[in-house]
Amino acid sequence: MAVLAGIYAASHGPLIVRNWDQVTPAHREVLNAGFSDLGRRIRSDRLDALVIISPDHWVNFFLDNLPSICVGVGAWHEGPNEPWLTGRFPHRQLAGHPALAGHIVETALQNGFEPSISHRLILDHGFCIPLLKAGVEPLPPIVPVIFNDIEPPFPSVRRCYEWGRMLRRAIESWPHDLRIGVLGSGGLSHSIGEPTMGRIEEDFDRECLSHFAGNSPEVLIDYLTRTLPTVGNGASEIRNWVAAHGVAGGKGFSLIAYGAIPEVFVGCGFACWTP
Amino acid sequence: MLVRDYELSRLFFDLQTPACAEEYRAGRQAVLDRYRLEPAVRTAVEHDDVAFLASRVNPYLLRFYFFVAGMPDAEFIRHLRDADEGGKG
Numbered sequence: 001m002a003v004l005a006g007i008y009a010a011s012h013g014p015l016i017v018r019n020w021d022q023v024t025p026a027h028r029e030v031l032n033a034g035f036s037d038l039g040r041r042i043r044s045d046r047l048d049a050l051v052i053i054s055p056d057h058w059v060n061f062f063l064d065n066l067p068s069i070c071v072g073v074g075a076w077h078e079g080p081n082e083p084w085l086t087g088r089f090p091h092r093q094l095a096g097h098p099a100l101a102g103h104i105v106e107t108a109l110q111n112g113f114e115p116s117i118s119h120r121l122i123l124d125h126g127f128c129i130p131l132l133k134a135g136v137e138p139l140p141p142i143v144p145v146i147f148n149d150i151e152p153p154f155p156s157v158r159r160c161y162e163w164g165r166m167l168r169r170a171i172e173s174w175p176h177d178l179r180i181g182v183l184g185s186g187g188l189s190h191s192i193g194e195p196t197m198g199r200i201e202e203d204f205d206r207e208c209l210s211h212f213a214g215n216s217p218e219v220l221i222d223y224l225t226r227t228l229p230t231v232g233n234g235a236s237e238i239r240n241w242v243a244a245h246g247v248a249g250g251k252g253f254s255l256i257a258y259g260a261i262p263e264v265f266v267g268c269g270f271a272c273w274t275p
Numbered sequence: 001m002l003v004r005d006y007e008l009s010r011l012f013f014d015l016q017t018p019a020c021a022e023e024y025r026a027g028r029q030a031v032l033d034r035y036r037l038e039p040a041v042r043t044a045v046e047h048d049d050v051a052f053l054a055s056r057v058n059p060y061l062l063r064f065y066f067f068v069a070g071m072p073d074a075e076f077i078r079h080l081r082d083a084d085e086g087g088k089g
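Quick note, the sequences are listed as chains A and B, same order.
According to the working numbering, the residues represented by the first sequence are 1 to 275, in order.
According to the working numbering, the residues represented by the second sequence are 1 to 89, in order.
Bear in mind the hints are in silico, worked out from the structure with no lab data behind them.
Remember, predicted model here, so these are calculated numbers, not experimental data.
Glycine residues also receive a C-beta, built at the ideal position from the N, C-alpha and C atoms.
Some hints here could point you the wrong way.
[Unchecked claim] Computed spacing ranges between beta-carbons, pair by pair: (1) B:Glu75 to A:Asn111: 45 to 51 Å; (2) B:Ala19 to A:Ser216: 49 to 55 Å; (3) A:Gln22 to B:Arg25: 42 to 48 Å; (4) B:Cys20 to A:Ser116: 24 to 30 Å; (5) B:Phe52 to A:Arg46: 51 to 57 Å; (6) A:Pro25 to B:Cys20: 36 to 42 Å; (7) A:Arg88 to B:Ala74: 21 to 27 Å.
[As the list claims (entries may be wrong)] Quick partial rundown of chain B residues pointing at chain A, CB under 10 Å, derived from the structure: (8) Ala21; (9) Tyr24; (10) Val31; (11) Asn58; (12) Asp84.
[What the hints assert, rightly or not] To give a feel for the contact side, a few chain A residues facing chain B, derived at Cβ under 7 Å: (13) Trp58; (14) Phe62; (15) Leu63; (16) Pro83; (17) Ile150; (18) Pro152; (19) Leu178; (20) Gly193; (21) Glu194; (22) Pro195; (23) Met197; (24) Gly198; (25) Glu202; (26) Asn233.
Chain B on its own, in the form it takes in the complex (with noise of 0.2 Å):
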């Protein structure tokens, strides 16, 4: 079975609420403080760290939240791929 970080799971599951995507482009860290995520989650949340998130969520909802978060498909592409690159170095 697979690990998923509820907690940020969750963040990103809510943000397809619209009015919390606005909230959230609006300002991050009041939509944040409502989530129990762990201190280094909340960093990589916040530094748009896609690495870092894209082991703890279903590939979909990460997609989804970088959609929201507003990051352009090559850009979220491109860091997944150096991920990878960097997982396998």
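The following block holds chain A by itself, in its conformation from the complex (with noise of 0.2 Å):
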């Protein structure tokens, strides 16, 4: 049978790539710090295949159809497009992991979603800043699942949690010998082609982390459903994190690193939790 092997949460941001020579050197130890103990966790992980939940950035989907939630089943991905990533990120293709895809998809079937498939999905920086600066080498086979953190309307809190605790159940049921970890990607804090574009709520991002730290999905569910609407846009984004957490199943969160890092206009977090 499948392990849950890993279960890790870590942020984003083109501008940790882009802007990384106007980064200070403070800050950037936050940030080599958090990405360097996150690669040493999945490595020392042995995965056999990383699932990543991570938002699309007006890259795979537009107006035309904005699914909640989208599953990659392909067996390859497309490496990230956008020009200031793709110099950088070596894989012009990440395997993928149909079989395991194809199993959560079904999994979730039965379990009351209706997710969306993809079989060829672009990979953006939301799921590949992580793999890069974590120094994830080699690749392990890449599930993608992507949720609608961007264009409202959004997935609510709960409904990402309760999908973190439907991808635990998939996982384990899957009955082959795999190691599997789960990576939520995104937030915390950050504004995004609003007024408050650069603006990092702090203190926004240490209560989160308290209450990812405590003991009540309940209370955390609640918080966000409440907070995240007057927060800045890129916030949204902890939903990722919401469905690592129920993956554990709203306990053993551990915080790795956090820094509020204007230079990048994130709240930087780095987490990760007991399987």
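Relying on the hints, combine the two individually framed chains into one complex.
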């Protein structure tokens, strides 16, 4: 049977790559520590497959068709298409895991979810910056799960948590000897293309992290349901951390690093859970 | 449900294609001619009117567009904040 070998979360943001030269040494230290620790954990967990939950930053989907949740079921996925990342990220293609992805979709359908599927996704910076900066090489096969965190209406926080619980059931019922990890990518607070652009809401981030570390998923869900509409739009990506929290059963959270990094416009967090 | 300007959003989305972005930077008019933009919207695009465009597209697409159009982040943010202050006035 498959083993849930690791559960992780990390922030992403284009400026972590594009503006790296402008990041102060102290802030580089925070980011390097977070990504390095994440990479060390992923390597030591010897993953055979990694499920990554991340938003789509208008790369695959447009107003014509905006799924709330989409699972990449292809044999391979395209690497990032952002010009500032293509020269730095070493993979033009990333292996997928169609059988595991299909099992996740089937399990979802049997448990009250109706995700869309894609046989060919582009994995943008949300997927690839954590892999790049954490030095995850060689890459395990990736099962991408896209949550719509970008364009309202969004899936509810509770639904994201329940998706995580379902994902755990899917992994644990996969009848093959695989070591599987789950990574939630995004957040914490940031604001893009709004009057508050560049603002990092450190108080919100720290309270949010304290709720992840607490022992009540209900308190976390309630807090985020109330506060996400009141903070910068990028914080919506915390839904991906909530899904990871659901995979972990709402417990076992451990903060690796946090820093409000104004040079990259993001409250950057790194975390893992006891599987 | 938010109201979105589909044609404007489509323009911003399509400019993610490097060839399209290059063509746009070389001369906006030929690219703009391919989209059925309302006259006021086209004028706003031609004049980099951040405040006008901000109300019509997703903020991520807006930010991406002005990055492609060559507006520095600091200037973009200043326009966003000026528009917000104006709206409150």
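Hints violated by the structure (numbers, ascending) | When the structure is compared with the hints, numbers 3, 9, 10, 19, 25 turn out to be violated.
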